[in-house]
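K.L.:
Line by line, the protein sequences are chains A and B.
Letter 417 of the first sequence, counting from 1, is numbered 417 in our numbering, and no numbers are missing.
Letter 524 of the second sequence, counting from 1, is numbered 524 in our numbering, and no numbers are missing.
Be careful, since some hints might not be right.
What the hints assert, rightly or not - Derived list of chain A stretches under chain B, where covered just means 3 residues or more per stretch with a C-beta under 8 Å from a C-beta of chain B: (1) 122 to 128; (2) 165 to 176; (3) 197 to 208; (4) 374 to 388; (5) 408 to 422.
Derived from the structure by calculation, the hints contain no laboratory data.
In this text, a Cβ means the ideal position worked out from N, Cα and C, and glycines have one as well.
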Amino acid sequence: MAFPHRPDAPELPDFSMLKRLARDQLIYLLEQLPGKKDLFIEADLMSPLDRIANVSILKQHEVDKLYKVENKPALSSNEQLCFLVRPRIKNMRYIASLVNADKLAGRTRKYKVIFSPQKFYACEMVLEEEGIYGDVSCDEWAFSLLPLDVDLLSMELPEFFRDYFLEGDQRWINTVAQALHLLSTLYGPFPNCYGIGRCAKMAYELWRNLEEEEDGETKGRRPEIGHIFLLDRDVDFVTALCSQVVYEGLVDDTFRIKCGSVDFGPEVTSSDKSLKVLLNAEDKVFNEIRNEHFSNVFGFLSQKARNLQAQYDRRRGMDIKQMKNFVSQELKGLKQEHRLLNIGACESIMKKKTKQDFQELIKTEHALLEGFNIRESTSYIEEHIDRQVSPIESLRLMCLLSITENGLIPKDYRSLKTQYLQSYGPEHLLTFSNLRRAGLLTEQAPGDTLTAVESKVSKLVTDKAAGKITDAFSSLAKRSNFRAISKKLNLIPRVDGEYDLKVPRDMAYVFGGAYVPLSCRIIEQVLERRSWQGLDEVVRLLNCSDFAFTDMTKEDKASSESLRLILVVFLGGCTFSEISALRFLGREKGYRFIFLTTAVTNSARLMEAMSEVKA
Amino acid sequence: MDCYTANWNPLGDSAFYRKYELYSMDWDLKEELRDCLVAAAPYGGPIALLRNPWRKEKAASVRPVLDIYSASGMPLASLLWKSGPVVSLGWSAEEELLCVQEDGAVLVYGLHGDFRRHFSMGNEVLQNRVLDARIFHTEFGSGVAILTGAHRFTLSANVGDLKLRRMPEVPGLQSAPSCWTVLCQDRVAHILLAVGPDLYLLDHAACSAVTPPGLAPGVSSFLQMAVSFTYRHLALFTDTGYIWMGTASLKEKLCEFNCNIRAPPKQMVWCSRPRSKERAVVVAWERRLMVVGDAPESIQFVLDEDSYLVPELDGVRIFSRSTHEFLHEVPAASEEIFKIASMAPGALLLEAQKEYEAASFGKCFLDRFPPDSFVHMCQDLRVLNAVRDYHIGIPLTYSQYKQLTIQVLLDRLVLRRLYPLAIQICEYLRLPEVQGVSRILAHWACYKVQQKDVSDEDVARAINQKLGDTPGVSYSDIAARAYGCGRTELAIKLLEYEPRSGEQVPLLLKMKRSKLALSKAIESGDTDLVFTVLLHLKNELNRGDFFMTLRNQPMALSLYRQFCKHQELETLKDLYNQDDNHQELGSFHIRASYAAEERIEGRVAALQTAADAFYKAKNEFAAKATEDQMRLLRLQRRLEDELGGQFLDLSLHDTVTTLILGGHNKRAEQLARDFRIPDKRLWWLKLTALADLEDWEELEKFSKSKKSPIGYLPFVEICMKQHNKYEAKKYASRVGPEQKVKALLLVGDVAQAADVAIEHRNEAELSLVLSHCTGATDGATADKIQRARAQAQKK
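Kindly produce the complete structure, drawing on both the sequences and the hints.
P.N.:
Structural data, given as structure tokens:
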């Protein structure tokens, strides 16, 4: 349980500085509008804001009332209104409607818009078009990195995924570059950089430009983090699409961890209240089980519970002094653990997930990953759709089938889509168009099965095409080649007998021993080689021939400790399973991984990002 | 050798004044200084001379010449004056020459005689003409004060940010004041003027009479007044030959002196040094120079030639046709060194050298003397020595230099196009590149692009050779300058050297190279920049061309599409149309069918358009699906009309389910047929719906209608979900052998499940059953399984 780190594992840098920076900047911005003001906060920013500055801090800086930005007229009677929003056009229209309503009523107030993490010209233009540009003052709150945990930084930009991988909108890439720049100014330069993916490359280059422009600032600083690895989500969709069975991932899939905390409903708390629980390394019990395969967790928790009970029982027969001592010292720890045993109430997950349905689902997924019994899996998916189990789940399985099989055969492609539309509504015609564009759900071109000869031919074709592809999106031309990659990288471990999930052998444990996450395997391989050398074929199969890069500088300044710290940047989101897998790898090799992601994601979030919903 | 202190002149008990030669001038003046308008800039600045033909009644046809010289008399520029009569000349703090014309127009020239700009001092000045004008310097910049023919004053405190202020009238003023000057107090410029025995102070609101404290009686007129370099002190020269010296606030008298000369002096200026307690004024007549201060005696010099005084921070420069001298109070430090025993001539350099030797000798005896200040002093002296060179002609003292700062000195060298010297100084002082060398190179390049006789290629190459990629040099700034000179091609060439593509964009836009700007913006990765260019293009090009440009730039296209999706839906449609992107056009109309349209007819029409687009895109699947949706919509509408309830916008599956739940089985089946719902789906659907209704009878009937395409296990599962074990058992018996065990376990018949599993001899099934054996009741069953297992192993 909870494998300890190797004694030589490096210390993690202290990321709490990022929080302080963000808080100070926010306070400064609030003070720019002196006097009482009402603060309108965009829903998406509420949780991140809560991690940075609580209500009392806001009140200290004369924030009077808090409102959520929503499509309703505001009831605020304050003379000063401050809006804290993401740079989105719909927010601009909301603000404009408010300001224009005031104008009609002959009312003048002060308005200030704080964009986080930055403002976009398009937003200012909309303000201008709406005729209120002169009435509001605009500012930026460059809050782009939220430390969710000691080793996890999130940009909290879930829209990055859709904006870039579906719409081809590159505006967030600069934000990523800025964030990396901030990290390198705070924690020293990164001597070794690796990356894969078009977006990774662009972000890297923009970041480099920033560093060059502000030459000298980071020069001479000792690097604290030895390696940085940038990875596009579309390099590995498969991992993100799998059901998560590691505890933290499972909690995320079931209850949705939002900004590092989760709301446990009444069914979990076994009371009539919901409970918000912060999940991170400070939580001792959680920290021990977060990276575990869920089959181990239950036993562990019951053991814990028994211990706890025993400790509680010790109260009997204590005299007052002992009792006092007990309360002041042990109860503190105990209480926390006890609260956490609400997690024990995750029996509710267990109940759900150990049911036959879930096991069959996992079985199907494993079959898809390994590429056998495709017909059976296809029928399973069909039945899934027919029974209207869940629109998102059905979609996920279809995508998993498509990617692992290099696209669906035309007959299945048509029939599954037809079934899906009949079950879940015709607007999903657009969802399918999105998925096709992102390369998540495609149709096999005739004769698209891979033979050795054909794969050579296809190499010629894709190489030629690569030169010609000017489209910001070449996904259409992309083939996932999952099977070939899986073989090359040995993603499906050969298992003799039962895979002992209690004593994991490799990263495959995060998927019950059936599959090593592709993204993590790539990272492992590159770190081992310190380059992409020898991985040419894999890179080609990933359609990333032009977008795999290495950049090393002299390491003489880097301490050996820092060289075992690796920052992994996931562009488009990463899952808890990947985090667990890399934490495992770190323990094995004496590394520590730090994760920077545009947002923590999972299969449902990915699918929702691609789905068209009737507004 | 001469004595060091030979030229030291005592004034009172405590101060010495000394006058020494800076340069001997060989500027070949054709005119006498007295015939010229003269302006010399402070801090060793340039000298401008304009022979004033308007003063005497000479033929106006003779065009005067404006000459500009360095302080050492090197000619910098010479031009024929073609504009109107000039009343006064003066240098601004940026070393621009301001020429105040009689009509109130002020013409501004550069150091090299290049015309910069002009401005007017207002209509009132134009009408009444300029009688007299002063150029003055304050911390805000350089100002101009004008006395008009109507005896009114107009002033602007900063010619860089021209705001004219007309000063209030002086009551009863009939003739021009005998003398006047500009005072600067509390950051506001005032005018002090003398009319007969009276002094008036004009601020922007009022005119008030003032009296200097302790002024000797008998004054009937003031002939001269002088305000010190720092505006702190004021000196007044009266017609009785009496000099009053006090604070500029006129609140305190410092000292007075009676020189007994009643002739009006030509010039009177303050001569003091910062942080010195000594106050002295230098008064010049035609042939006589007098230094007076708080002492009964004055120092007197004879002037051999017509001379001109230039007040400086720490002394007075005096130049004539043949020499340029500096008069100042001997610094306390020198005084101490040389007071008693002394030698040699008075060149500051020599003195410095001596001080250097002394210091360098003396520092050997000090252990803990930090060398920094010594080193810095040596460096500064070298710089001063270099700029004082005859060819450069900037004679600065150490205190002037410190006041001016090295940055301004470098700017002045750049202004004189002395780039190599400036760069040498930067390198010598080891200034950071961005402040030093790069800045100067950039200035040089900006000058270079103005050389019209050199070809674009040569200029660009020369600039790139010299600048390379020196940090801090902005090629786009240089390009902007080139563009400003009308050299667009050169500007584009220079921009090519700019490493930051984002920097290239604004200028390219200005030069109307929008398409190039677009690709540069895309290169920069800054989406905001791309967006800016897009809006430019949108206004500049017609719609068709704009769309064509977008088509070739996918990144910009995506960005613009995103914007249109939220803000300009119609444009989005046009974009797709233009590209013949029928697939996206179809999607667009699909979205419109439920987002924009509300009436059913509108929705169907939108779907029809979508279907047509899909056909054009050869996406038959989408086209068919869309047509199905049209049919479904119409049908749902009919169902709502006929049956009531909510049908619109349900999926096909949900529509059928709703029908079954409402008891409209016939309709449901009809719909299933019409839309070719596959059997499997229909069975799942009916099964779920009937179980929801708990219509067990109908369910049983349905189960027997034909062989189930989904088997009978789902029947068992769903009955159990509704907790109807009785019904579930019915179906369990019909489940095929493969799923029999599962079914039996579902209904809780562990014993029978065990029997079937044993019969199947299936290990997996056996373990499954075993895992269901709980408690005492199943004990026997568990044993049975174990026995069967044991038996199987024996065999």
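K.L.:
Hints first: check each against the structure and report whether it holds.
P.N.:
Cross-check of the supplied hints:
no. : hint       : verdict
1   : 122 to 128 : holds (count 3)
2   : 165 to 176 : holds (count 7)
3   : 197 to 208 : holds (count 3)
4   : 374 to 388 : holds (count 5)
5   : 408 to 422 : holds (count 6)
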